[in-house]
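S.K.: As a plain string of letters, each chain reads:
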Amino acid sequence: MADGTTGADAVLSVRGVSKSFGPVEVLHDVSLDLRAGEVHALVGENGAGKSTLTKIMSGYHPPSAGQVLLDGQPVALASGVDGERHGIVLLHQEFNLAEDLTIEESIFLGREWRRGPFLDKRRMRAHAAKLLADLHCRIPPTARIRSLSVSQKQMVEIAKATDHRARVLMMDEPTSVLTQDETDILFGLVAQLKRNGVALVFISHKLDEVKRIADRITVLRDGHLVATRPAAELGQDEIAQLMVGRPLHDLYPPKQPPAADAELLLTVHALGVPGRVFDAGFALRRGEILGFAGLIGAGRTELMEAIAGLRRREGGSVAAGAHRLAYLTEDRKAKGLLLQFPSRPNLTLSTLASFTRGPFISVPAEDAALDKAIKAFDLRIGSRDMQVGALSGGNQQKLLFAKVMETQPDIVIVDEPTRGVDIGTKQQIYHFIARLAAAGKGVIVVSSEMPELIGLCHRVLVMREGRIAGELAGESLNEEEIVRYATGLKGAA
Amino acid sequence: MSDAATTLGQTPPRPLLQRVDLRAAGPFLALVALAILGTIINSDFLEAGNLTNVVTRSAFIGMIAVGGTFVITAGGNDLSVGSMAAIVSGIMIVLMNWLAQEIGPTPWVVVIVIFAGLALGGLAGLLNGLVITLGKMEPFIVTLGFMGIYRSVLTYIANGGTLTLSGTMRTLYRPVFYDGALGIPYPVWVLAFVVALGAVVLYTTRFGRYCFAIGSNEEVARYSGIALNRVKTWTYILQGACVGVACDIYVPRLGSASSTSGLGWELEAITAVIVGGTALKGGYGRIGGSIVGALILTVIGNIMNLSSDVSVYLNGAVQGAIIIAAVFLQRGVGFKR
Ligand SMILES: Nc1ncnc2c1ncn2[C@@H]1O[C@H](COP(=O)(O)OP(=O)(O)OP(=O)(O)O)[C@@H](O)[C@H]1O
Ligand SMILES: [Mg+2]
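Sequences listed follow chains A and B, in order.
Quick note: the first sequence uses this note's numbering, first residue 14, plus one each step.
Quick note: the second sequence uses this note's numbering, first residue 936, plus one each step.
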């Protein structure tokens, strides 16, 4: 059995760690060393056990078997707080921010600075502002978490985690909600922490990022450690192959753009969303996959929510004829799934009317739909009564995708459809989207991952500061062009 | 009831199976424990007469708690039910006396007024629901407002005194509370019917599922295309209708309504719902639990009446302690560490 031990100078290690939830074993006999000043990447398919492993190393879960060693000595971490006391900080995959607090309150939650009996608000605010400035985040520390976009929330989490002066900092998919720029900022921070001798764990499904910043890479598959290697020894294809257990070809399906005179499914004209989107107009044809690129805050999500009728709009028109339109939200925790419910009621929530017999819900019909979704989307939900909140992040995303597709839409708007999804599943989702288009649907893909837009879309619109700044297709559809429009080097702003 | 809950696909939060069962079964176990305690204190407790008495007394709060389960499961709250009971009862009495004069004191008057009670309750609930949803206001505040309004309008109608059924109508209507069929009083039959209907609606219909969804996460419900305002308003209408039915069997009991009718019922109903296992913050509801909650409240009072050791004046204190204990137990299961 491969293991990730190195023997010498490990800050934090696990030895023979296994973890079971009830009868299900999700980690099996994993051994791993984290070294000071080193970035250790954890990769693996959705549900491989990456998050679970970091939770064990930081005290959120006790291992079912095996040991956690700190500086070579066994420790029994009683809780996440206990872990933090030992200098082990975990940046969770799920947001852990209270929506109603302000940024500064969130950052200092549980360790507020005081002067005498009173909160030292001025000093805390100044410090929070500095942390945000370090991350090039231009949001006031007094903003409420509720009002932030998912990527801004993530930046607040990062600010909070890095403020702990950790010896070990584990980041569970920190970049899944970040744009390129924000990712670069984060990586700058990582480099600095590395120089300060912090041991880092980095989890991501974006293998190019893994290659970029990891010193060593550990691959997990079905709870087993498959390999730990120096990053220099592994190419992206090799990593993918180790993860999935088979070679991976054709990440993107071949493009089949619609005919120039294909029927218009959706026409948006001069649409505005107060303060967010201005004068947006575009059209979507039958069989087309239309991408939306842009920096965070460019107004893409707001535009799509306005089109879907989920947000008040100001002027303009949306003409979709009799076509059914469905929107897949980028914020699956807050807007997509009922986390305390099992998969079945989540899957059918937006289409419950088609699962009723007379006035009653037909559970067998729902179960049949779930069976189909499990097959179609390769859902790994463990037991059927498991709460969706306990599913691995990628499987939640797949379930959300399945839920949206239950509505059998003609026009599908997917906002960050592959967020937190492993590479094998990404391939499945891309091919699924391509099949939708081939079947005569119209698909809009909003994504912060440029390779995804370029590999999948027939045409890409770039938004900047609430306006559509440019349109790219064919030869001109490449990263440089997208960046030029997105940053305002090109196109009217 | 626990079967119905599983079909709904609602597993209570986290993690061990035993705990799931404990949460659902907790109120039932508590009721059994109280019954045993009652029997030890006074062997009369398990007498058929006393048991029927207990259930009959629980009927008003029990029915209102069924409606309350919908409201609370969907993340709302209704503080106006006690006052609503007072005004609905008052109007029913006025209507009944007037009809008795106009068309004569026939049993038909009773039938008409029974349906009028149901409709009046539903209407008051509709008013609550519309103000809350269209006004985008906190249910707590809106229903607190209506709590004051309903009661003071009743006091005004009664001119500060008591509204009383005329003698003949009283005699005609009286059996609805005091008689029964198959040896079981009518109020118990009505309660059983309301509970069964409530359980079917909450656990097996689309509306019920939407209540859970909205209470669990309103944004997710909205993004799933659920008509939030309509569903929420309907929970208040159901709550009002339940109050109406409660009035239908409350009026024949005393034959009168005054400014103290239904006083404190809102708290008792909410207590019954919460003690029964429904989450106060919404997203998880149990009809059967709510009834058991109502029974628990009555049984405590009953036991204290039967025993000579503890003063009945402490009834409120014991009930309060029970609520806190119930919520504490919920908390233990409801949150991850
Ligand atoms: N609290 C829990 N109860 C039951 N099962 C759980 C719990 N937490 C995780 N699991 C299961 O453990 C397995 C591993 O999950 P984990 O979250 O560690 O995966 P992951 O590698 O982080 O996946 P992803 O890339 O999708 O985030 C999954 O099958 C998941 O459903
Ligand atoms: Mg994970």
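It is worth saying that the hints were derived from the structure and are not from the lab.
Among the clues, some could well be false.
[To be verified] A few chain A residues facing chain B, derived, Cβ under 10 Å:
hint, residue
1, Q205
2, Q269
3, A273
4, K348
5, G349
6, N359
7, L365
8, T369
9, V376
10, K416
11, Q421
[To be verified] Each computed DSBU-like pair below joins lysine-lysine, with the alpha-carbon atoms no more than 30 Å apart:
hint, chain 1, residue 1, chain 2, residue 2
12, B, K1216, A, K346
13, A, K207, A, K268
14, A, K173, B, K1216
15, A, K268, A, K224
16, A, K268, B, K1216
17, A, K388, A, K268
18, A, K173, A, K224
These figures come from a predicted structure and were not determined experimentally.
Idealized CB from N, CA, C, for every residue including glycine.
S.K.: All the hints need checking, so say for each whether the structure fits it.
M.R.: Verification of the supplied hints:
no., hint, in the structure
1, Q205, "violated (33 Å)"
2, Q269, "violated (31 Å)"
3, A273, "violated (34 Å)"
4, K348, "holds (5 Å)"
5, G349, "holds (6 Å)"
6, N359, "holds (9 Å)"
7, L365, "holds (5 Å)"
8, T369, "holds (6 Å)"
9, V376, "holds (5 Å)"
10, K416, "holds (8 Å)"
11, Q421, "violated (13 Å)"
12, B:K1216 to A:K346, "holds (18 Å)"
13, A:K207 to A:K268, "violated (42 Å)"
14, A:K173 to B:K1216, "holds (28 Å)"
15, A:K268 to A:K224, "holds (28 Å)"
16, A:K268 to B:K1216, "violated (49 Å)"
17, A:K388 to A:K268, "holds (25 Å)"
18, A:K173 to A:K224, "holds (26 Å)"
Checked against the numbered hints above, the structure breaks hints 1, 2, 3, 11, 13 and 16 and satisfies the rest.
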